[in-house]
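**Q** Given only the sequences and the hints, what does the whole structure look like? Please build it.
The chain contents come next:
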Amino acid sequence: MGHCIENPRSSCALGGALALISSINRTIPVLHAGPGCGLQVTAGQLGQSGGKSYGYVGGQGTPSTNMFEREVVFGGVERLRETIDGTLEIMDGDLFFVLTGCTADIIGDDVKSVIDEFKAKGVSIAHAETAGFKGDSYYGYNTAFQAIVSQLVEVTPRDAKMVNLFGIVPAQDIFWEGNFEEIIRILNKLGLKVNSFCKEQQGLQEIKKSSGAALNIMLSPWLGQEFLAEYKEKYGVGTFRYPGLPVGPTATSDFIRKLAEYMDLDKALVEKVIAEEENYVYSYLEKIIGSFTRYRFVIVGDANTVLGLTRFLVNDFGRIPLAAVITEDVPPEYRDGIVDELTHLEYARPPKVVFESDKWKISEWIRTYKDDAALILGSDYEKEIGNELDIVTVVVSFPTTEKLIINRGYAGYRGCLTFIEDLYDNN
Amino acid sequence: MTSTIARNREDRPFALTGGGGCGKELADKFKKRCLKNADRTFAQASQCQQINSIQAFISMEDAVFIIHSPVGCSGCVSFMNDLFKVGQYHRGLTSIRSARYLITNLDELDIIQGGEEKLRQAVLELEQRYHPKLIFIFTSCASAIIGDDVDSIAGELQNQVGAVIVPIHCEGFKSKVPATGFDTAFNALVKYVFKNEKPEREKGLINVFAPMAIGWKDQQEIERMLGVLGLKVNYFPFYSNLDKLKKIPAAEYSTSICQVFADEFMELLKRDYGIPYSKTGMPLGIRNTDEWLLGVARLVGKEEVAREYIREQHERVLPEIAKIKSRIQGKKVFICAGTARSFAAATLIDDFGLKLVGMQTPTYEEMLIEDFDKLIELHGDEFIVDVANMQPYEQANLVQRLTPDLFIGVSSWVAKQGITSTHVLETKRPTMGYNGILYLGNKIEDVIENPGFNEKLAKHKKLPYKESWYSESPFKFHKEAGD
Chain A
10 MGHCIENPRS
20 SCALGGALAL
30 ISSINRTIPV
40 LHAGPGCGLQ
50 VTAGQLGQSG
60 GKSYGYVGGQ
70 GTPSTNMFER
80 EVVFGGVERL
90 RETIDGTLEI
100 MDGDLFFVLT
110 GCTADIIGDD
120 VKSVIDEFKA
130 KGVSIAHAET
140 AGFKGDSYYG
150 YNTAFQAIVS
160 QLVEVTPRDA
170 KMVNLFGIVP
180 AQDIFWEGNF
190 EEIIRILNKL
200 GLKVNSFCKE
210 QQGLQEIKKS
220 SGAALNIMLS
230 PWLGQEFLAE
240 YKEKYGVGTF
250 RYPGLPVGPT
260 ATSDFIRKLA
270 EYMDLDKALV
280 EKVIAEEENY
290 VYSYLEKIIG
300 SFTRYRFVIV
310 GDANTVLGLT
320 RFLVNDFGRI
330 PLAAVITEDV
340 PPEYRDGIVD
350 ELTHLEYARP
360 PKVVFESDKW
370 KISEWIRTYK
380 DDAALILGSD
390 YEKEIGNELD
400 IVTVVVSFPT
410 TEKLIINRGY
420 AGYRGCLTFI
430 EDLYDNN
Chain B
385 MTSTIARNRE
395 DRPFALTGGG
405 GCGKELADKF
415 KKRCLKNADR
425 TFAQASQCQQ
435 INSIQAFISM
445 EDAVFIIHSP
455 VGCSGCVSFM
465 NDLFKVGQYH
475 RGLTSIRSAR
485 YLITNLDELD
495 IIQGGEEKLR
505 QAVLELEQRY
515 HPKLIFIFTS
525 CASAIIGDDV
535 DSIAGELQNQ
545 VGAVIVPIHC
555 EGFKSKVPAT
565 GFDTAFNALV
575 KYVFKNEKPE
585 REKGLINVFA
595 PMAIGWKDQQ
605 EIERMLGVLG
615 LKVNYFPFYS
625 NLDKLKKIPA
635 AEYSTSICQV
645 FADEFMELLK
655 RDYGIPYSKT
665 GMPLGIRNTD
675 EWLLGVARLV
685 GKEEVAREYI
695 REQHERVLPE
705 IAKIKSRIQG
715 KKVFICAGTA
725 RSFAAATLID
735 DFGLKLVGMQ
745 TPTYEEMLIE
755 DFDKLIELHG
765 DEFIVDVANM
775 QPYEQANLVQ
785 RLTPDLFIGV
795 SSWVAKQGIT
805 STHVLETKRP
815 TMGYNGILYL
825 GNKIEDVIEN
835 PGFNEKLAKH
845 KKLPYKESWY
855 SESPFKFHKE
865 AGD
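These protein sequence lines map, in sequence, to chains A and B.
The end of the first sequence is residue 436 by my numbering, with every number in the run present.
The end of the second sequence is residue 867 by my numbering, with every number in the run present.
No wet-lab data here; the hints were simulated from the structure.
Some hints could be false.
[Stated by the list, open to error] Below, a list of computed lysine-lysine pairs in the BS3-like style, where the Cα atoms sit at most 25 Å apart:
no., chain 1, residue 1, chain 2, residue 2
1, B, LYS843, A, LYS61
2, A, LYS208, B, LYS840
3, B, LYS840, A, LYS370
**A** Next comes the structure, spelled out in structure tokens:
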């Protein structure tokens with residue numbers, strides 16, 4: 010970890026954590042961080058994730074200690090205390106969540122003691138150490154959920170039809186809202202209640218009772234190992250991990266069938282849902298036969314996007330994968346699993362897989378495919394090399410400031426149709 | 385005049401970063417120089433100077449940028465990079481590219497052992513990739529607290545690379561005023577690029593300093609107006625380069641489109657290179673544009689030419705403005721924008737007969753006293769001023785109290801209060817000079833004519849504040865600095 014990166018593809022731990030916390034209903038983040046951190050990480054995270062800003066609270070509206078020279082020298086604990094006091098006085102929320110930045114964590118402010126003081130007064134408050142130097146947005150996502158499980162979840166009776174859904178990272182997955190909506194729709198159709206924590210106005214109550222879920226569903230090949238272990242250890246909630254986003258009929262039906270095994274769902278219902286949904290997708294696919302001619306593609310993005318779209322394009326859509334670049338800092342122990350998943354597709358040759366986030370290196374890598382590739386799937390950054398090599402480039406991954414993305418997504422059955430619409434090129 | 389040169393902008397004469405009250409009371413205190421700066425015991429996220437330093441140069445075409453920090457500190461580059469790309473599009477370029485910025489991605493180990501080696505690698509790597517003319521290095525809170533010796537690395541590597549290396553010490557915790565970041569950036573130029581060399585004076589050349597948020601249409605309008613005075617423009621920084629940079633000390637005059645952006649720099653150029661400058665408000669609206677152009681004209685001794693041009697332009701646009709005015713005059717306005725733009729907007733609205741009831745501005749200082757007097761002349765002395773770096777909670781409270789008919793500024797918050805809104809900052813459309821005024825006037829009229837979006841939104845969505853907050857003083861959390 011920690012290499013220099015040209016044109017980075019995530020924010021820092023604080024950015025990832027702030028995007029998650031501000032997506033939890035009526036949860037007020039409080040930053041114990043430098044004066045520019047709130048703006049920097051909001052611009053870096055939400056600002057590059059398809060043009061949407063936060064909803065209820067976030068960005069420059071986030072309470073912040075804005076640590077200046079005085080706090081750097083003398084410590085910022087008192088500043089944090091008065092900031093939380095002010096927050097409680099004027100901000101209307103159910104849960105308050107302190108996130109620390111580099112300055113607080115380097116000078117070693119004892120944030121936990123301050124949080125404990127407020128907890129003792131009955132305030133719903135938690136905190137996470139999310140200094141930017143500790144990692145990227147994914148690190149922030151993991152760390153914030155770790156804090157949620159350790160500090161907020163309460164023992165609740167088991168509900169066999171309730172699941173917790175993880176792995177779609179707010180504002181890091183540029184289609185996160187639409188992707189959530191489609192997966193939730195499918196799970197609901199299977200008769201399941203879903204705790205997503207960041208959709209459908211879910212908040213503190215769903216967090217507290219998440220210990221009663223029958224299962225954690227983790228849609229990522231590597232995220233959340235530690236907080237999922239804590240769910241298991243403290244509350245006996247196991248995890249069904251699906252490597253990446255299920256996109257398109259083959260993967261989504263595979264996801265559902267595997268989930269059904271974990272949860273002992275009614276087989277007849279499962280097959281009925283699959284039949285209906287697949288029929289829905291194919292009723293449209295039959296209407297676009299012959300609309301696409303570009304076959305060989307290079308894809309650049311986070312593991313979830315690369316896995317999801319590559320599986321769909323190869324297993325359902327007849328394309329040829331040349332190369333796949335995974336851009337986030339996946340811990341080494343999970344990399345083989347991702348390569349393995351991309352190597353065992355139903356059809357075609359396996360793509361060459363690399364892990365890289367530096368824009369220049371990725372562009373140079375793409376250049377080696379200039380005679381073969383007919384399509385580049387990537388972020389805004391890849392448009393530059395696509396333009397240079399005259400290869401059609403479609404933006405599917407973080408960052409993008411060129412698209413406005415409201416509630417569309419690529420996940421599940423319906424998402425693959427949205428993806429195909431974006432893939433279309435009339436030139 | 386009072387020299388503006390200071391270490392940080394909060395150290396300038398009578399500078400404020402927090403404070404508030406009504407115009408009458410403030411004017412009095414400003415004049416007696418007895419208004420105390422206020423800290424806040426509660427605040428929301430603000431902007432830091434690093435953002436401004438990066439923004440000062442990121443649109444240069446032959447430079448590369450190293451942000452010596454963890455990955456989050458490049459966040460605001462996202463919107464700057466977007467402006468940079470849109471700027472290329474507006475200039476008719478087809479191979480549109482991102483700014484070349486590299487983050488050293490300081491991690492936990494670097495925090496303990498220092499990140500100097502990575503910075504060294506970053507410089508060499510960028511040199512090899514792009515053979516740039518300039519390599520800017522921006523420090524961060526993290527790199528400054530751990531004490532990385534950025535200057536030494538820059539000095540040491542200068543012999544190994546073809547680019548001019550310019551380190552900029554813009555760590556966010558060092559100044560409460562984001563605009564200090566502009567000074568920090570320009571001071572580094574003086575030290576590392578100009579190096580006291582005195583190039584030969586170029587007749588009729590004027591430096592025009594403008595933050596990158598000024599769009600291409602506005603740049604063209606500015607250059608056109610200066611062309612009327614027979615001046616040749618060295619525009620900085622959008623799509624500028626090392627050659628143009630080196631020409632700065634050769635210019636005969638300087639001016640700026642945003643007096644906050646380069647006021648200290650222009651003062652330095654005057655002191656060290658004998659380049660006189662004009663410093664007036666942003667050329668937004670009739671009155672501001674007149675004054676801006678006359679300011680330059682007086683400097684170059686062409687006041688009559690300017691007056692003639694202004695007469696022509698007035699003849700063309702005043703009838704149009706009068707039409708708009710007749711439809712919207714008397715409406716109450718609240719303004720929230722950067723220092724220069726908020727003062728400019730407060731004057732601009734008078735062109736349309738609109739009344740100022742309140743404004744939020746990030747800083748206030750001695751040099752703005754005249755502007756402030758002018759506002760009182762135009763709008764009376766009842767309007768409220770809140771000196772605040774962002775702080776939307778104070779804005780929400782003020783807006784609720786003052787019930788403006790129109791809000792000018794970032795509308796993220798007032799929209800949920802049902803107040804119709806627009807901005808005079810538009811990076812992609814023409815807003816300045818005599819053409820810009822009509823664009824802005826139409827826009828303002830449009831949102832007054834149809835406030836539907838915000839009104840309906842407010843019925844469904846609320847701001848994250850308790851009801852009780854709206855009955856408190858908006859300045860409740862101010863405490864005099866030092867208390």
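**Q** Hint by hint, say whether it matches the structure.
**A** Status of each hint after checking the structure:
no., hint, verdict
1, B:LYS843 / A:LYS61, "holds (20 Å)"
2, A:LYS208 / B:LYS840, "holds (22 Å)"
3, B:LYS840 / A:LYS370, "violated (48 Å)"
Hint 3 from the list above is the single one not met by this structure.
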